[in-house]
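A.B. asks: These protein sequence lines map, in sequence, to chains A and B.
With the first letter of the first sequence counted as 1, position 110 gets the number 109 in numbering that gives the first Met the number 0; the numbers rise by one all the way through.
With the first letter of the second sequence counted as 1, position 60 gets the number 59 in numbering that gives the first Met the number 0; the numbers rise by one all the way through.
Errors might be hidden in some of the hints.
It does not matter which identical chain is used: a pair holds within one copy or between any two.
In silico EDC-like pairs for lysine to aspartate or glutamate, Cα to Cα no more than 20 Å straight-line [what the hints assert, rightly or not]: (1) K119 <-> E41; (2) K66 <-> D90; (3) K119 <-> D15; (4) K66 <-> E28; (5) K66 <-> D84; (6) K119 <-> D36; (7) K119 <-> D19; (8) K119 <-> E60; (9) K66 <-> E103; (10) K66 <-> D19; (11) K119 <-> E16; (12) K119 <-> D101; (13) K66 <-> D38; (14) K119 <-> D13; (15) K66 <-> E91; (16) K119 <-> D84; (17) K66 <-> D13; (18) K119 <-> E91.
None of these hints come from the bench; they were simulated from the model.
Number of protein chains: 2
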Amino acid sequence: MVTGIHHVGIAVADLDESIDLYRSALGAELLHRARSDRDGLEAAFMSTGAGEVELLSPTTEDSPVGKFLARRGPGLHHVAYGVTDIAQALDEARGAGLELIDPEPRMGMHGAMIAFVHPKTMGGVLTEFVQT
Amino acid sequence: MVTGIHHVGIAVADLDESIDLYRSALGAELLHRARSDRDGLEAAFMSTGAGEVELLSPTTEDSPVGKFLARRGPGLHHVAYGVTDIAQALDEARGAGLELIDPEPRMGMHGAMIAFVHPKTMGGVLTEFVQT
Chain A
0 MVTGIHHVGI AVADLDESID LYRSALGAEL LHRARSDRDG LEAAFMSTGA
50 GEVELLSPTT EDSPVGKFLA RRGPGLHHVA YGVTDIAQAL DEARGAGLEL
100 IDPEPRMGMH GAMIAFVHPK TMGGVLTEFV QT
Chain B
0 MVTGIHHVGI AVADLDESID LYRSALGAEL LHRARSDRDG LEAAFMSTGA
50 GEVELLSPTT EDSPVGKFLA RRGPGLHHVA YGVTDIAQAL DEARGAGLEL
100 IDPEPRMGMH GAMIAFVHPK TMGGVLTEFV QT
């Protein structure tokens with residue numbers, strides 16, 4: 000079951016500047032920073048009350064976020080929904096005809112199990128499930 | 000004060016198909032549909048637990064969402080944050096150097112007061128405040 004919008008992912012060119020922007024513009028608080036060599040990115044998780052902003056900065060140009068920035072520029076990258084049972088969410092997504100980027104859940108930078116759905120079967124929206 | 004992510008706005012080519020997609024993929028429920036001649040769009044508000052998905056379909060090609068679709072294709076369009084006091088949120092946004100699309104709050108399709116911040120001062124993200 001989907002419990003809500005867990006976070007929005009935003010591709011940024013400069014992580015420190017973007018943290019300052021979200022602090023000053025929204026009063027958001029930095030919860031933690033993490034780096035993923037697998038995904039070629041550094042992320043900052045900002046609390047905005049109910050729901051987080053995940054600022055994503057590529058560490059390599061050929062990473063998914065690096066390619067996104069080169070193609071589209073900074074901006075909204077993905078939306079993540081909290082789910083109570085990620086295996087069930089993926090089964091239901093398959094049943095609805097969605098193409099999964101992650102056919103099996105994997106550990107995300109939040110320390111929670113995550114999986115991404117391909118944007119081409121979600122109306123152009125890169126969509127993530129996070130088990131909460 | 001920002002209370003959380005109120006909704007994400009998603010530009011779609013076909014509103015009925017998109018409502019069906021969000022029902023089948025996420026179990027989202029249609030809360031209401033509304034049409035804005037001012038903004039040249041029809042919107043469907045879908046409940047996804049904590050936070051809504053606002054599906055946006057243009058009614059004219061030269062509307063903001065019509066131009067967005069022509070330029071970028073369907074996908075994530077904006078993110079909206081709930082605020083307790085929208086006049087104060089706009090004052091703080093001005094103080095943080097943000098450019099406001101709506102310098103004064105206006106009535107949105109939710110029946111709540113809203114205002115948009117220009118993406119060029121928010122790292123490429125069209126950002127909305129909604130007084131909750």
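A.B. asks: Please work out whether the CA atoms of K66 and D38 approach to 20 Å or closer within one copy, between two copies, in both situations, or in neither?
C.D. replies: Intra 12 Å, inter 32 Å, cutoff 20 Å: intra-copy only.
A.B. asks: Measure nothing new, just compare the shortest in-copy and cross-copy C-alpha distances for K66 and E103 to 20 Å and report within, between, both or neither.
C.D. replies: Neither way: K66 and E103 sit 24 Å apart in one copy and 37 Å across, limit 20 Å.
A.B. asks: Cα distance capped at 20 Å. Does K66 pair with D13 within a copy, between copies, both, or neither?
C.D. replies: Result: close within a single copy only, 15 Å intra versus 28 Å inter.
A.B. asks: How do K119 and E41 come out at 20 Å by Cα distance, when the copy is not named: within, between, both, or neither?
C.D. replies: Cα proximity of K119 and E41: none, with 25 Å in one copy and 23 Å across.
A.B. asks: For the identical chains here, do K119 and D36 meet the 20 Å Cα criterion within one copy, between copies, both, or neither?
C.D. replies: neither (25 Å within a copy, 30 Å between copies)
A.B. asks: Given identical chains, is K119 near D101, meaning Cα to Cα at most 20 Å, within a copy, between copies, both, or neither?
C.D. replies: within (14 Å within a copy, 33 Å between copies)
A.B. asks: Evaluate K66 and D19 at a C-alpha cut-off of 20 Å and name the case that applies: within, between, both or neither.
C.D. replies: neither (24 Å within a copy, 31 Å between copies)
A.B. asks: For K119 and D13, with the copy left unspecified, which applies at a CA distance of at most 20 Å: within, between, both, or neither?
C.D. replies: between (28 Å within a copy, 15 Å between copies)
A.B. asks: Please work out whether the CA atoms of K66 and E91 approach to 20 Å or closer within one copy, between two copies, in both situations, or in neither?
C.D. replies: neither (30 Å within a copy, 34 Å between copies)
A.B. asks: When no copy is named, should K66 and D90 be tagged within, between, both, or neither for a Cα gap of at most 20 Å?
C.D. replies: neither (29 Å within a copy, 36 Å between copies)
A.B. asks: For K119 and D15, with the copy left unspecified, which applies at a CA distance of at most 20 Å: within, between, both, or neither?
C.D. replies: Intra 31 Å, inter 18 Å, cutoff 20 Å: inter-copy only.
A.B. asks: Within a copy, between copies, both or neither: which one fits K119 and D19 at a CA-CA cutoff of 20 Å?
C.D. replies: between (33 Å within a copy, 16 Å between copies)
Comparing the model with each earlier hint shows violations of hints 1, 2, 4, 5, 6, 8, 9, 10, 15, 16; every other hint is respected.
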